[in-house]
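Peer 1: Residue-level listing of the chains:
Number of protein chains: 2
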Amino acid sequence: MDPFHVIAPHLAALDQFMRDQALHFEPEIRDMAAYCLEASGKRLRPTLVFFSGWHGKEAVDDSLVRAAAVVEMVHLATLVHDDIMDRAELRRNRQTASRKYGPDAAVLLGDALFSQALHIASLFPTAEVCRLVSASTRRVCSGEIMQTLRRRDTNVSLADYRRMIDLKTAELFRTSCYLGAYLSAQAPGFAEAADRFGHHLGIAYQIYDDLVDFLGEEQQIGKTLGTDLATGKLTLPLMILLERIPETERTALLAALREGNTTSLASSQKRMHQLGIGAVVIQAIDDELAVALSALQPYAAIPAVQLLKELAALLKRQVTRLSAVNEGQR
Amino acid sequence: MDPFHVIAPHLAALDQFMRDQALHFEPEIRDMAAYCLEASGKRLRPTLVFFSGWHGKEAVDDSLVRAAAVVEMVHLATLVHDDIMDRAELRRNRQTASRKYGPDAAVLLGDALFSQALHIASLFPTAEVCRLVSASTRRVCSGEIMQTLRRRDTNVSLADYRRMIDLKTAELFRTSCYLGAYLSAQAPGFAEAADRFGHHLGIAYQIYDDLVDFLGEEQQIGKTLGTDLATGKLTLPLMILLERIPETERTALLAALREGNTTSLASSQKRMHQLGIGAVVIQAIDDELAVALSALQPYAAIPAVQLLKELAALLKRQVTRLSAVNEGQR
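Those sequence lines, one after another, are chains W and L.
Under our numbering, the residues of the first sequence are numbered 1 to 330, in order.
Under our numbering, the residues of the second sequence are numbered 1001 to 1330, in order.
No wet-lab data here; the hints were simulated from the structure.
Incorrect hints may have been included.
Cβ pair distances, simulated, as ranges [as the list claims (entries may be wrong)]: (1) W/Ala59 / L/Leu1123: 42 to 50 Å; (2) L/Gln1016 / W/Asp20: 41 to 49 Å; (3) L/Pro1246 / W/Leu90: 34 to 42 Å; (4) L/Asp1020 / W/Ala324: 52 to 60 Å; (5) W/Val280 / L/Asp1209: 28 to 36 Å; (6) W/Ala159 / L/Leu1123: 28 to 36 Å; (7) W/Lys42 / L/Lys1100: 17 to 25 Å.
Derived coverage of chain W by chain L (criterion: at least 3 residues anywhere in the stretch with Cβ under 8 Å from a Cβ of chain L; other residues may be distant) [said to hold, decoys possible]: (8) 3-11; (9) 25-34; (10) 79-93; (11) 200-206; (12) 272-281.
Since the structure is predicted, the reported quantities are computational estimates derived from the model, not experimental observations.
Even glycine gets a Cβ: it sits at the ideal position worked out from N, Cα and C.
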């Protein structure tokens, strides 16, 4: 069973819903909102909503589509604001909103997307969706603030790193899984299990994303490689590298990070290959995926669980492919 | 009857509620959130909630306090983002969040404040509060985007200007009035009347605020005078000035505006005094106040209406005082 084939009608309904959303923005900013809403990303968070809410029937569940639109629009809003901070010019091979409309307008455009996401959430008969999403959004922002304030701060512990990705990435993953399971009310306790699955899948995904920045091939990813390094973001590969190099080398790399010295940083990418940091990071991803899957164990009979397990397997395959690239480069 | 004395217990409860809110933010950003929440502004929007929801009893109505906190926190979030765009260093004699924490962190801090405001809104038993506030917030952002994109654009019509202040200021005023009246359910149709009152009071207030930027005394206001001019914001005083000066002078002023030439702009402030633009702007404020008051006419017997009328009278008195300053300067 191809899980993406199964939810294709839901994804198509979401695309339509997102396009229609532009009409809900004031005429003066409609084109700008449409530009952001058109960004055809991986739709990861909507996929989580659809998988967790999967009843075994292909008929489109309208409430899942609306919930998926909420989490995707919150995600798009955070991307609009992220790109301001990263001074990013391109995302998914298109100009960022910040580049196209200027950073000032992009701040407000992100705000308008947040507001509309919460507005869609508020149209559910229960205020529970709004409650979850607003709290989740606040936590995502807290994670982003931590990341921003500690940029080029080389004194970050693994616990700090973990907390940061818990908030900035895993939070919206878990909320997506919870919402799908909650709205489709499949079994007592399943929403909480889906939440736990989403949380650990989110951590695994963020570590994978950090790793891609070091090992991936640029054309596959559509974003500038080594961006995280250049902007001084602390990632797991970098933290492990710092632990494993000799004192003098560490001192030099830390100085390069603080100063944003790109030449030294580029050479650290090579060093990571030499020391096999990739394999260590891949083990960390595998560990998270195992915890994620264990949360689903008691609910193996639920149709949604088949899809969620497939998703974890897909991430595992992508990690394996990246690992092969890594071996090839060494 | 002093209307502010009447709602003093509500304002005190709001202060306490706002202080307590800091605890709802993640520990990593709590101090930053507290710093923004401590900004003791004029509490104009909460005052509108308390006045419109006034039942004639001094006992604190908890739902009004929560609604007031929602609109005030949305307002504080927009100020945090505004100050990034205006590169403002001071607000109400304190460092802006953008200055204190850097513009990147301020973008995210504003987002976290928005999220928490919507979260408080989502805790009402009805999703109606969330619905109103999220749509209102989106419209406020649209107004701000219009203002940002059209900065130094000297081809703005009076209709554009009106639409801009409808969205960026009057929107949250009307929502504040509506919420107070809606939550206290005083008479059929009164919430809509309060909405109309708030809308026109908001326009009057924004025009007054524009005028203060030209005529006010800096120490009274606590913000840098002539800021609007320096940042190229189109305001009613400026638009009327442009209409009334000879062609050659207009061309020079328009060029100065586009270039942000502060010397020429400072002299336009003097010119405004000479031409008595103040009086024309004051007439526009009076007209809006008259429309605002007429909306309340059918509800004259409701206790809340006494307070709202007092508020309009207070704005009128402040305008008169400004007018006297204006005369003194000529």
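Peer 1: Which numbered conditions among the earlier hints are violated in the structure presented, ordered from lowest to highest?
Peer 2: Structure breaks hints 1, 3, 5, 7, 8, 11, 12.
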